[in-house]
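Undergrad: Here's the letter readout for the chains.
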Amino acid sequence: MTVTENPGQPNAAAPTPPAIELIGISKAFGPVQANKDITMTVAKGAIHGIVGENGAGKSTLMSILYGFYKADSGRVKINGVETEITDSHAAIAAGIGMVHQHFMLVDTFTVLENVILGAEDGPMLKPSLAKARKELQRLANEYELDVDPDAIVGEISVGFQQRVEILKALYRQAEILILDEPTGVLTPAEADHLFRILKNLKEQGKTIVLITHKLREIMDVTDTVSVMRRGEMTATIETATTSPSKLAEAMVGRSVIMEVEKAPATVGETVMEIKNLVVKDGQGVERLKNISFSLKRGEVLGIAGVAGNGQTELLEVLGGIRPATSGEVIMKGDSIDLTIKANAQKRRHRGIGHVPEDRHARGLVMSFKTWENTALGYHNEPEFSKKFGMANQKAMLADAQGKMERFDIRPPNPQLVASSFSGGNQQKIVLAREIERNPEVLLIGQPTRGVDIGAIEFIHQQIVKLRDAGKAILLISVELDEIQALSDRILVMFDGIIQGERLPENTDKNELGLLMAGVDPEAEA
Amino acid sequence: MDFGSILQILDSAVRFSTPLLLACLAGLWSERSGIFDIGLEGKMLIGAFAAGAFSAIATMPVYDGGWGWQTGGMWVGMVAAIIASILLALIHGVASITLRGNQLISGVAINFFAAGITVLLGASWFRQGGDTPQLPAGGRFRPIELPLSETLSDVPVFGPIYQNLISGHNLIIYFGFFAVLATYWVLFRTRYGLRLRAVGENPGAVDTAGISVVKLRYSAIIITGILCGIAGAYLSLGTSAPGFGRDMTAGRGFIALAALIFAKWRPVPAMWACLLFGLLEAISTKYQSIDLGFMVLPGQFMQALPYVMTVVILAGFVGKAIPPKAGGEPYVKER
Amino acid sequence: AGSHGGGATPALIFDLGGKFDKSFNESSYNGAERFREETGIEYREFELQSDAQREQALRRFAQQGNNPVVVAGFSNATAMGIVAAEFPDTDFVIIDMVVDAPNVRSVVFAEHEGSYLVGLLAAMASETDTVSFVGGMDIPLIRKFECGYFQGARAANPDINLIGNMTGTDGSAWNNPVKGGELTMAQIEAGSGAVFAAAGGTGRGVLQAAADAGIYAIGVDSNQNYMHPGTMLTSMMKRVDVAVYNAFNDVNNGEFTTGIIAMGLAEDGVGWADDEFNADLITDEMRAAVDAARAGIIAGDIVVHDYMSDGSCPVN
Amino acid sequence: MNTGIPKWVDVILIPLLSLILAFVVSGLVVLSIGKDPIQAIKLMVYGAFRLNDGIGPTLYYTTSFIFTGLAVAVAFHAKLFNIGGEGQAAIAGVGVTLVMLAFDWPHWTIALLVGTLAAAAFGAAWAAVPAYLQVKRGSHIVITTIMFNLIAGSVIAYLLVGPLQANGSLPESSRFPSAAALPTLHDILGVVGINFDRFSDANITFFMALLAAVGVWLLIWKSRLGYEIRMFGESDKAAVYAGISPVKITMIVMLISGALAGLMAVNTVQGQAERLVLGAVEGAGFIGIAVALMGRNHPVGIVLAAFLFGALTQGGVELQFEMQIPAQMVIVIQALIIMFTGSLENLVRMPVERLFTRMKKRAA
Ligand SMILES: Nc1ncnc2c1ncn2[C@@H]1O[C@H](COP(=O)(O)OP(=O)(O)OP(=O)(O)O)[C@@H](O)[C@H]1O
Ligand SMILES: Nc1ncnc2c1ncn2[C@@H]1O[C@H](COP(=O)(O)OP(=O)(O)OP(=O)(O)O)[C@@H](O)[C@H]1O
Ligand SMILES: [Mg+2]
Ligand SMILES: [Mg+2]
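Protein chains in written order, with the working numbering: chain U, 1 to 525; chain X, 1 to 335; chain A, 1 to 316; chain B, 1 to 364.
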């Protein structure tokens with residue numbers, strides 16, 4: 001790191017220089033221009049938000065500031081001093097800390113070991129660990145950041161893992177803290193706690209940059225906000241002077257209908273009955289603890305809950321991906337094989353469609369062409385089969401072409417591999433495949449995660465259309481807004497059980513949030 | 001079986017296990033840093049060759065083109081072995097760290113390369129079909145009698161154990177056991193070890209902590225090279241077959257790998273695993289066929305025993321051996 | 001066969017152990033070299049790398065007009081049988097095995113006789129009541145060495161303990177000195193005072209282990225006495241070099257004959273190495289005994305059982 | 001990677017440049033042992049393609065390498081690294097021997113059919129155990145297949161000095177009945193009037209190998225099973241989501257792979273040696289890895305790469321005969337080819353890609 005005094009810069013007598021100044025930052029990943037000539041200023045002691053569509057370049061920009069990526073061009077000033085950030089080491093030395101979207105923790109290490117990694121005091125571990133233990137105690141007291149220093153990081157919840165990340169930054173005496181989508185994995189209560197910490201930090205004079213998709217959070221905690229679009233910085237505004245819909249418009253470049261339009265549901269008979277479902281994972285931990293509910297024609301049953309409370313397992317058991325430990329699922333009078341012999345293809349034959357939570361890992365084969373992906377799971381159907389075990393590739397291709405047109409998947413070229421589509425279009429490929437089979441029951445996990453606002457509109461419309469065609473839909477989402485907007489009935493899951501059932505018109509975020517945290521407000525009352 | 005034969009078998013087991021142990025620890029360093037290494041065999045082989053060749057050259061009479069050293073030739077061999085093995089390790093490093101190539105393929109290539117080049121060079125240097133000349137006493141590591149081994153030999157039980165089993169091995173064997181402790185200590189007690197373990201689990205965490213992933217991994221690979229070189233040197237300088245013979249590693253690199261998995265990438269269990277494999281080899285050497293009463297296990301069965309046991313152990317007793325999480329995959333920040 | 005008027009264009013094929021195995025390949029190399037030095041005629045050579053190359057190598061030399069084509073090693077019998085039939089005008093020589101064809105000379109050695117002599121010496125020299133044997137690949141030929149050796153040892157000392165080990169069952173057994181060393185150490189632990197290695201390259205480890213422990217060792221095929229003066233009691237010489245030299249020479253002189261040639265003590269085809277390196281180890285008494293035994297065998301007074309004649313050994 | 005380089009660069013230019021690099025370094029190795037690399041390469045080409053006794057052995061080796069290369073490739077499509085071709089082929093040789101010695105064969109066609117089935121079955125069986133251990137017990141298939149190679153060696157050594165040994169002194173089986181002998185290329189091409197190398201071991205299995213290549217192409221890219229195999233290889237999670245059992249697909253793939261590796265025994269044991277000998281596989285199992293890598297796991301590439309490696313092997317014999325360069329030279333060349341086309345591929349790929357992106361940018 002080289003520090004050069006800028007002669008044009010006012011010194012101590014003048015007002016404090018901004019904590020962060022990014023000047024003309026550009027960055028390309030191969031053919032992708034992730035950041036284009038970006039300039040941004042953050043005042044010292046401010047909480048600054050950054051919003052933008054998926055892939056807009058937010059993480060890239062902050063990773064450059066943190067020295068994780070190297071910018072192709074541009075300059076950085078920290079506290080008014082031109083600073084060359086060659087790597088994360090230099091960033092740390094300049095007082096910058098970052099909590100990455102995907103945590104950078106060593107799962108097999110203890111909290112303490114994770115905290116000192118790279119900030120040890122000498123070649124031997126013992127003294128470093130002892131010192132860190134004390135320091136952690138102090139930080140915990142000061143900022144409400146309690147964690148057991150000897151816990152193995154892989155075994156604590158994401159909320160605590162995030163605290164470890166913040167502790168790591170504070171232990172390195174960060175004056176500037178960057179948080180990349182910190183609330184995506186938190187319960188509302190945990191998120192509130194986080195924001196309290198952030199305000200506390202702000203009071204101590206620290207500068208905070210917050211990347212988030214949730215416009216409400218921007219409105220609640222930030223002082224200023226920047227909007228990014230396709231690698232460019234389109235606006236920086238005082239938060240007080242804007243509104244969510246204005247921000248959304250700035251992000252997408254057109255006005256967005258933020259409400260889902262749907263008629264009241266006409267609910268029919270029960271299609272699927274889940275009774276006493278229990279699922280244990282590989283370590284023998286119960287992930288689903290005796291769950292029962294039923295699903296009816298013509299309804300969207302929303303399952304709310306913080307990620308990791310059993311929703312994934314529920315979806316996977318129903319979708320035939322993992323066996324159940326015990327329990328029963330009855331579909332139209334016949335029970336479904338939940339044993340190890342369960343098989344997702346058989347489920348599809350029974351009329352169960354499945355849009356998985358993780359489209360990258362499950363829903364698509366990223367290196368497969370679109371026409372191969374639109375047959376995924378249905379490749380043994382008669383229309384895709386030929387004699388002697390051969391595949392009818394012509395039929396697959398024609399089928400893909402049609403789906404791409406009907407779902408407005410762009411570019412509509414079935415020969416392109418899945419990874420060359422944007423997140424929204426990838427999700428549309430999965431949806432087209434599952435919805436066009438016209439399943440009796442459609443399982444949908446996180447339908448709009450990482451999907452831009454325009455695509456969200458379309459996807460929501462499709463879900464509602466399927467419901468109106470009299471099909472049953474089980475929707476799992478960590479986004480409360482989405483659950484509230486789409487569901488005709490809401491179940492809240494917490495720690496493998498159904499914590500409560502509500503109708504959307506009779507509840508609010510607050511109550512759902514409490515349920516998601518394992519508290520039943522009705523029971524308490 | 002009397003006490004004497006038991007001691008003899010154990011003694012033999014220690015000798016058989018030493019090259020395995022050194023190679024296993026070598027693999028441990030590499031894999032703990034996130035670089036899979038099935039090229040241990042090749043690095044050992046080239047180490048054995050370099051050791052045999054340079055020790056031979058050092059001790060060969062001057063008129064034969066050697067240096068005419070009477071003693072200490074083995075140290076020349078040892079250094080050569082380490083250098084040769086490090087060079088191969090660096091090729092693996094460039095392939096898997098810098099060029100982000102496939103680590104398995106790189107390992108396979110290195111094994112092939114070593115199998116070929118040792119014979120080519122050996123045949124061209126010494127004209128003995130790829131073998132090196134027999135080494136004189138000054139060109140190899142001789143057993144060391146530990147103090148008091150004669151004096152204590154009369155003490156019942158412990159005396160013979162001390163004299164035969166503990167004393168009377170060469171320096172490399174003692175180094176092997178020292179390396180276990182050193183590996184343990186460095187990995188779990190020092191800053192470097194912490195970082196190294198971290199880079200094998202999550203290189204992103206190391207990178208964002210401001211430490212160079214590349215440097216850490218290269219350093220681990222070099223340690224792997226050193227240890228493999230010593231393992232190879234043991235084969236040509238430390239056994240009763242002084243000198244290099246073609247393909248003399250005979251699959252030990254793979255057994256060492258199996259031991260590493262068996263030990264779940266931990267140094268002390270690695271030692272036990274290697275001793276177990278050494279013991280199996282010692283038994284199959286001493287008992288060439290075993291009469292079970294109702295049938296005789298043929299010699300071929302005894303020969304295959306270490307391999308069969310490897311499979312059985314991997315399948316039956318290891319449980320789920322979870323390798324360092326980042327192992328095998330190159331660290332790619334920007335695609 | 002044998003119809004050539006003379007003038008050899010000889011070719012020599014080495015078996016898997018390689019040209020410098022300190023054993024019979026090296027011995028055949030020495031024979032060929034001697035021929036080259038004496039006659040100035042160059043010969044062609046090929047080191048087999050795999051079993052599958054046997055036919056190819058024989059055929060190639062025959063095809064290119066080499067004569068005679070000589071190969072040492074029992075494993076070549078089948079290939080020789082095939083190729084010899086394809087090239088009836090070429091003279092072939094196989095050593096250590098009999099191939100019944102009109103253009104093949106098969107040279108076999110009475111290894112059991114030579115082994116008997118070194119067994120005698122071993123038993124007399126051993127400072128313990130045990131002598132031992134390390135073989136290479138477990139095949140009848142090596143059992144023949146072992147059996148002769150054991151008979152000789154018993155003849156010298158009817159109470160002597162005998163230990164025998166084979167290194168392995170495939171080709172790698174000829175080239176595994178580490179295992180050879182360990183086998184020897186185990187034998188020493190079991191009391192052996194002299195060890196005979198008939199194991200090709202594996203013998204290197206046997207002889208070294210014996211030298212390290214200070215017991216007597218006996219080499220095989222070529223004279224290996226020089227390797228560890230002081231502990232090398234002797235070597236069981238098997239004059240493969242003579243067989244090769246004779247084959248080259250006979251063709252060169254137009255005197256080549258086919259059929260089986262047996263080389264025993266009488267023909268000096270086998271024997272024990274007696275040179276400056278082991279002079280101090282052989283006492284007069286030993287020399288007298290071994291000379292007597294040699295004479296007895298040649299005269300037919302002593303009959304050494306040949307393991308390969310019936311696949312069994314009278315002593316063990 | 002989506003840098004959008006033209007396909008021909010990806011499948012032809014880059015491997016070719018890597019190959020050239022491998023040969024350049026091989027030349028340096030030849031130089032380092034004091035021999036003339038130019039002469040060596042001339043000899044190798046001459047030795048491998050000479051009509052009377054070069055191309056025949058080359059095709060014989062090619063046949064084996066096609067089988068083992070396909071075996072590796074099929075497994076690779078499921079991201080399984082089958083290093084066990086060596087052992088699978090060896091055990092397949094036992095299968096061939098058992099059936100060949102069991103019957104009096106009325107005609108070679110029947111012998112070929114049964115021999116093929118036996119080879120495939122035994123090869124598949126030897127692959128089944130590591131496959132099963134991988135899916136059920138999590139034993140790393142790379143290590144178990146290596147162990148099974150070594151164990152196969154012992155099994156064969158046992159059989160050849162024991163139950164299968166023909167006469168008292170040689171570790172080999174009896175000769176197969178002559179009616180089981182497969183027609184050689186000399187016999188076959190003789191029918192159409194071509195006088196092919198009379199002594200070469202190349203035989204009818206060469207055409208079987210080509211058929212197998214076509215079969216593998218159909219399997220991997222045209223069949224539903226192949227679709228499942230590729231899907232499993234690309235993403236095991238997506239495969240489970242699509243209703244594919246990892247256990248089943250792993251077993252099937254390894255059985256196919258083992259069977260393909262086993263087929264090379266028809267070439268070597270039934271076609272060439274006509275008896276079981278020690279070391280009948282001659283390292284072809286390992287070479288299959290290099291062949292698959294070079295051939296980009298595509299049958300067309302594999303056939304070409306197998307031919308290259310066959311020519312290398314036969315050319316290497318020439319080096320031995322004429323320049324006294326040990327056969328290990330060929331192993332070194334193979335190693336360098338694996339290295340440059342496999343693990344060091346980016347050495348060539350990165351600059352080439354950069355070049356093409358720059359050219360594209362300039363064009364745009
Ligand atoms: N390491 C990388 N290598 C190559 N391309 C990348 C890399 N990281 C990001 N990109 C690409 O750069 C662009 C910007 O990505 P970035 O992660 O900065 O977006 P983002 O605004 O943070 O999105 P999100 O809202 O999903 O977090 C995207 O097109 C992405 O595909
Ligand atoms: N290393 C990388 N190389 C290439 N593309 C990347 C890389 N990292 C991220 N991307 C791409 O950048 C975009 C944003 O990345 P990000 O990590 O935010 O994932 P995401 O799709 O937004 O998932 P999440 O649901 O976790 O937000 C994605 O399209 C992703 O594919
Ligand atoms: Mg991001
Ligand atoms: Mg994101």
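Calculated directly from the structure, the hints in this document are not laboratory data.
Here the structure is a predicted model, which is why all the values come from computation and not from measurement.
Any given hint could be a false lead.
[Said to hold, decoys possible] Once the Cα atoms are required to be at most 27 Å apart in a straight line, the calculated DSSO-like pairs of lysine-lysine come out as: (1) U:36 with U:280; (2) U:280 with B:35; (3) B:79 with X:333; (4) U:36 with B:361; (5) U:369 with U:36; (6) U:386 with B:222; (7) B:237 with U:369.
Undergrad: Against each hint, give a clear statement of whether it holds in the structure.
TA: How the hints compare with the structure:
1. Taking the CA atoms of residue 36 (chain U) and residue 280 (chain U), the gap is about 48 Å. The hint is violated against a cut of 27 Å.
2. For the hint pairing residue 280 (chain U) with residue 35 (chain B), the CA-to-CA distance comes to about 67 Å; that exceeds 27 Å, so the pair is violated.
3. Of the pairs offered as hints, the one joining residue 79 (chain B) and residue 333 (chain X) holds, with about 23 Å between alpha carbons and a cut-off of 27 Å not exceeded.
4. Between residue 36 (chain U) and residue 361 (chain B) the CA atoms are separated by roughly 17 Å; this keeps the pair inside 27 Å, and the hint holds.
5. Under the criterion of a C-alpha separation no larger than 27 Å, the hint pairing residue 369 (chain U) with residue 36 (chain U) is inconsistent with the structure, at around 30 Å.
6. For the hint linking residue 386 (chain U) to residue 222 (chain B), the alpha-carbon distance of about 10 Å falls within 27 Å, and the restraint holds.
7. Distance check on the hinted pair: residue 237 (chain B) and residue 369 (chain U) sit about 17 Å apart at the alpha-carbon level, within 27 Å; holds.
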